[in-house]
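Got chain Y sorted already, so can you dock chain W onto it with the hints?
First to last, the sequence lines map onto chains Y and W.
Every letter in the first sequence is one number past the one before it in the working numbering, and letter 159, counting from 1, is 1271.
Every letter in the second sequence is one number past the one before it in the working numbering, and letter 65, counting from 1, is 1177.
I should point out that these hints are in silico values taken from the structure, not numbers from a laboratory.
All figures in this text were calculated on a predicted structure; none of them were measured in a lab.
It does not matter which identical chain is used: a pair holds within one copy or between any two.
Derived EDC-like pairs: lysine to aspartate or glutamate, alpha-carbon spacing no greater than 20 Å straight-line:
hint: 1; residue 1: Lys-1291; residue 2: Asp-1273
hint: 2; residue 1: Lys-1291; residue 2: Glu-1274
hint: 3; residue 1: Lys-1291; residue 2: Glu-1281
hint: 4; residue 1: Lys-1297; residue 2: Asp-1196
hint: 5; residue 1: Lys-1289; residue 2: Asp-1260
hint: 6; residue 1: Lys-1289; residue 2: Glu-1259
hint: 7; residue 1: Lys-1297; residue 2: Glu-1195
hint: 8; residue 1: Lys-1177; residue 2: Glu-1215
hint: 9; residue 1: Lys-1289; residue 2: Asp-1273
hint: 10; residue 1: Lys-1291; residue 2: Asp-1271
hint: 11; residue 1: Lys-1132; residue 2: Glu-1164
hint: 12; residue 1: Lys-1289; residue 2: Glu-1263
hint: 13; residue 1: Lys-1289; residue 2: Glu-1274
hint: 14; residue 1: Lys-1297; residue 2: Glu-1281
hint: 15; residue 1: Lys-1216; residue 2: Glu-1183
hint: 16; residue 1: Lys-1157; residue 2: Glu-1274
hint: 17; residue 1: Lys-1157; residue 2: Asp-1273
hint: 18; residue 1: Lys-1216; residue 2: Glu-1178
One letter stands for each residue in the lines below.
Number of protein chains: 2
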Amino acid sequence: MEMNEYEKYTAFSRDELLSKVEESMSEKRFSHVLGTQETAIQLAKRFGADVEKASIAGLVHDYAKERPNEEMIRVIVENHLGEDIIPFGNQIWHGIAGIVLIEKELGIRDSEILQAVYVHTTGSSNMSLIDKIIYVADYIEPHRHFEDVSEVRRLAEVDLDEVVKYETEHTLLRLIKEKRAIYPKTIETFNRYVVGMQ
Amino acid sequence: MEMNEYEKYTAFSRDELLSKVEESMSEKRFSHVLGTQETAIQLAKRFGADVEKASIAGLVHDYAKERPNEEMIRVIVENHLGEDIIPFGNQIWHGIAGIVLIEKELGIRDSEILQAVYVHTTGSSNMSLIDKIIYVADYIEPHRHFEDVSEVRRLAEVDLDEVVKYETEHTLLRLIKEKRAIYPKTIETFNRYVVGMQ
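The following block holds chain Y by itself, in its conformation from the complex (with noise of 0.2 Å):
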């Protein structure tokens, strides 16, 4: 991939832009990151979608994800993004305050791109093509383990709403085995794609 392709959609090259969301990060999370970069591309090349916008998505996905609560409580404020999602915590506030973030200090205003990292935690009611791509490359990316990672990898070859449905089921699953928040907007991406509620 040539420099010039990444700068169609950021204000940086493909090396300052690594750069900076090494720097973001810690290093596991950063290989993380690289994982579900490469993972975004491959779904996007099988699935015919822009495969620089899945590359940069995937590559800016978890920018925000170690900033301070303070730092993020003040963009959620600053921005009226709703101050309902405070008790939510980071893990939801990475993808909506995240791309305010993206868009200041990476120089991304694309807005396919924003909109998949906006919902790439939780889903949405009506995904794209690419905000499917990001859901899944960070759940299926190559350093990620849990019990059926092997079969569910071999189904993103094939059928991605699938892996969609069974990201959105395990994801809810989970999060009631562990008694931990659910936002409302995973239970709108349960009802549209899993149990087929228009």
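Relative to the frame of chain Y, chain W by itself:
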């Protein structure tokens, strides 16, 4: 219980109310309703709630469960109950829209009774004692059968809130496994009572 105690809260005597409820549903559901009423009375005595209100709420909680869909949708639309509930079906309608029919046809105007019926399927993030009693009674009444039902009934002898948690968690797990629609209020109940979110 004397007739005139019932008449504090309804336009009818106890016998008239029983007949009206019985006529509105199948024999099987009426047995469930009587079981729920009996369990609600026990729980009200045990945890210090108003026994008559719990009894009446138990008796009428499923009053609208067997109405035709067309009638329920008309009630929702005409009373501005929020058309977003329409895709969820009568599993959700019969509480929310049910209170309109209960007030109109049974003459019940007590806000605590109506509120308990309103939330009996989903719970809410701010449940009163009587809300919890009807929610739990509906779940553990003698005609209900599920794996841990004996344990849950024993738990209900000592700790109502623990049963609210158990019920919410297991209702969600069942909905997910059966790929059935989840109403957002059920998640509010989970986040408040299982997770402890304020």
